[in-house]
Amino acid sequence: MVKMLRVDRRLIHGQIAFSWTAYLNVDCILVANDDAAGDDIRMTTLRLAKPKNTKLIIKSIDDSIAAFKSGKTDKYKIMIVVENVDDAYRLAKEVDDIQVINLGNVKARDDSKPYKGDQSVNLTKEDQIRLNELMTLGKSVEIRMVPNDGIKRFKMDI
Amino acid sequence: MSSSAVEKKVTKADLKQIFWRSIPYNASFNYERQLNMGWAYTLVPILKKFYGDDNEEMTKALTRHLEYNNITPFISTFLFGLIVAMEEKNANSEDFDTKSISSTKAGLMGSLSAIGDSIFFGTIRVIAASVGCSLALQGNPLGPILYLLIFNVPNLIARWILVSKGYNLGVEFLTSVEKSGAMDRLFFGTSILGLMVIGGMIGLNISVPLQLTFFDTNLIDVINGIVPNLLNLLFFGSIYWLVKKNVNVVWIMLGIIVLGILGSLIGIL
Amino acid sequence: MEVTVMQAVGIGLVALFAYMVDFCAYAQWDRPIFTCLLVGLVLGDVPQALVLGANLELLYMGTMSIGAALPPDIYTGGILGVAFAIATGTGIEGAVTLCLPIASLALVVKQFFYTFFRGYCTHRADYYASIGNADGVAKMHILSLLMWVPMAILVGFAFYAGSAAVQTILDSIPEFIMNGISVASGMIPALGFAMLAKLTVTQKTLPFLFLGFAFVSYLGVDVTGVAIFGLIIAVLAVYFSKPNPAAATAEVEDDDNEF
Chain E
487 MVKMLRVDRR LIHGQIAFSW TAYLNVDCIL VANDDAAGDD IRMTTLRLAK PKNTKLIIKS
547 IDDSIAAFKS GKTDKYKIMI VVENVDDAYR LAKEVDDIQV INLGNVKARD DSKPYKGDQS
607 VNLTKEDQIR LNELMTLGKS VEIRMVPNDG IKRFKMDI
Chain S
89 MSSSAVEKKV TKADLKQIFW RSIPYNASFN YERQLNMGWA YTLVPILKKF YGDDNEEMTK
149 ALTRHLEYNN ITPFISTFLF GLIVAMEEKN ANSEDFDTKS ISSTKAGLMG SLSAIGDSIF
209 FGTIRVIAAS VGCSLALQGN PLGPILYLLI FNVPNLIARW ILVSKGYNLG VEFLTSVEKS
269 GAMDRLFFGT SILGLMVIGG MIGLNISVPL QLTFFDTNLI DVINGIVPNL LNLLFFGSIY
329 WLVKKNVNVV WIMLGIIVLG ILGSLIGIL
Chain V
-9 MEVTVMQAVG IGLVALFAYM VDFCAYAQWD RPIFTCLLVG LVLGDVPQAL VLGANLELLY
51 MGTMSIGAAL PPDIYTGGIL GVAFAIATGT GIEGAVTLCL PIASLALVVK QFFYTFFRGY
111 CTHRADYYAS IGNADGVAKM HILSLLMWVP MAILVGFAFY AGSAAVQTIL DSIPEFIMNG
171 ISVASGMIPA LGFAMLAKLT VTQKTLPFLF LGFAFVSYLG VDVTGVAIFG LIIAVLAVYF
231 SKPNPAAATA EVEDDDNEF
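Residue numbers (the working numbering), protein chains in the order written: chain E, 487 to 644; chain S, 89 to 357; chain V, -9 to 249.
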């Protein structure tokens, strides 16, 4: 089952490797990213950074969706990490098992604004509409950098 | 992109300078792009060497190095070295894709940080602080000084060694480290060390002053009579269980304070 | 104890030095375990300051700043907590009670500077980059440090002006609560240890936690001794756990990129 989908521009780093995997008690991290999946260098370093006792899988978004559809993923407790809201949307819309979407580090772009003043989470209008759509599908969207921070629920703000 | 025949070469002195300039890397943390200015600052001399005579290239280089950046500072020099090697190639060729510089930087900084944080914050600082605290608790000023030494000798050594590893071997170094399983063994070793120290501190640096007497025997003596400091271990175990259950840390802390207040009020603590 | 102007200036300078850790290899000397020594020197009571600093360090050892998350500013909290505890003669209870509220307040002030002043520096740096001025970018990086001057002045001023108020506040807290906090401060380190242990414990490494515990409990070794034994054992364990070929193949199979 999928414990959480995290949006983090740095993909796997200290917060993910320690805090989140321990907190969620997952045994598998899926990095769903089209660039990383084709890039040997990034795959090597992502593997180096993986927490012990955790399986790490790096796949493109389409391959990830296919893997979930095939049911191969059922035996794992999974945390998914994606780079941006677009990827999160593509995955979460297709995969029913994704119920919790966590926004950690979202990159600033020309047309994005820090969400409610939070400079770590930069959202465009488009992002907000998509996240809102995911919420209407019954999924929860939260903003939380590390597990011990308070949970802020996402609410459309445009 | 310089078409002149003179090749721009990185020298040993340049790499040494990267080490020195990595020291203030953390000085300008900001919310928007975190350590981006520190990253650019460290590279300024080398960028001047490569692009000093070409304002357009300089502008591009500065801009790409002011992008979002954050890597564990103690191991940052590895990435600096690696990126310097890429910039060197760019400076000496006509058709180098500078996007690959940005993407390598962005792709590596997170995963390298996971390694760096685990070793430096998860282990070395724990050992440094526990040795420091155990001496300081006895009023010995060597405590803070040893703390500083235990942390910073590895800090500076790692910064020093990793510049040339990053420059000369780059990704090859990471691949060979991964293949050899050296990283797993390093993690294994550092967690043994860290956990032993934590185990020691559970024995020495927790105090649960239980004062519950039955028929003239103090309960704490009974418990600690089975195994010395057993009460500490039991208390640690229950807190560990709460942490493992993901109970919010602030609540646990408040709970302990309430326990302390109630306990001392009834007179059992 | 009456706080003199010189002492307040001294505490301000201690804070300034501590903040400069960002400029100096991120050497971690802003933690209570080190700043307590300096506070002790300024206030003329090193032994007590060391005990207070060590206690605060044990309390907050588990809190880490990993990546971008900013925890309460226990650096400022540690400096002022120890300083006030010595000035008001309230000992460990005082330091523990004061550290966290001060740390939370300091974080708010720090965030203000980070947002506005550092925001300005970042954008200036972008401007310099756009005209190809490398030295300008470097200058903005160093200029960012300026925010610590007002922070340090605030710390010194808070110590000078706040001692009387802090004394009143601490005096108004009923004694049974202060006693309770004192008792609790002996137990709270268990929380930090638990958080640290959770990061590294696996089935394979759990026995080493008990080994460290047994060393101090049965053999009376101190923590430095445990660290030395630990280093030897870690080196041996790593040496003897060299991967054998069979395990290596198993590893490869396990590591493939499939579910």
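Quick caveat, the hints were computed from the structure, so don't treat them as lab data. Misleading hints may appear alongside valid ones.
Said to hold, decoys possible - Between beta-carbon pairs, the in silico distance windows are:
#1 E:Ser546 - S:Ser264: 35 to 43 Å
#2 S:Thr99 - V:Leu144: 23 to 31 Å
#3 V:Leu144 - E:Val586: 48 to 56 Å
#4 E:Gly624 - V:Asp125: 38 to 46 Å
#5 E:Lys561 - V:Asp125: 51 to 59 Å
#6 V:Phe230 - S:Gly325: 27 to 35 Å
#7 E:Ala552 - V:Pro61: 35 to 43 Å
Here the structure is a predicted model, which is why all the values come from computation and not from measurement. We put the beta carbon where it would ideally sit given N, CA and C, even for glycine.
Does the structure break any of the earlier hints, and which numbers would those be? Violated: hints 1, 2, 3, 4.
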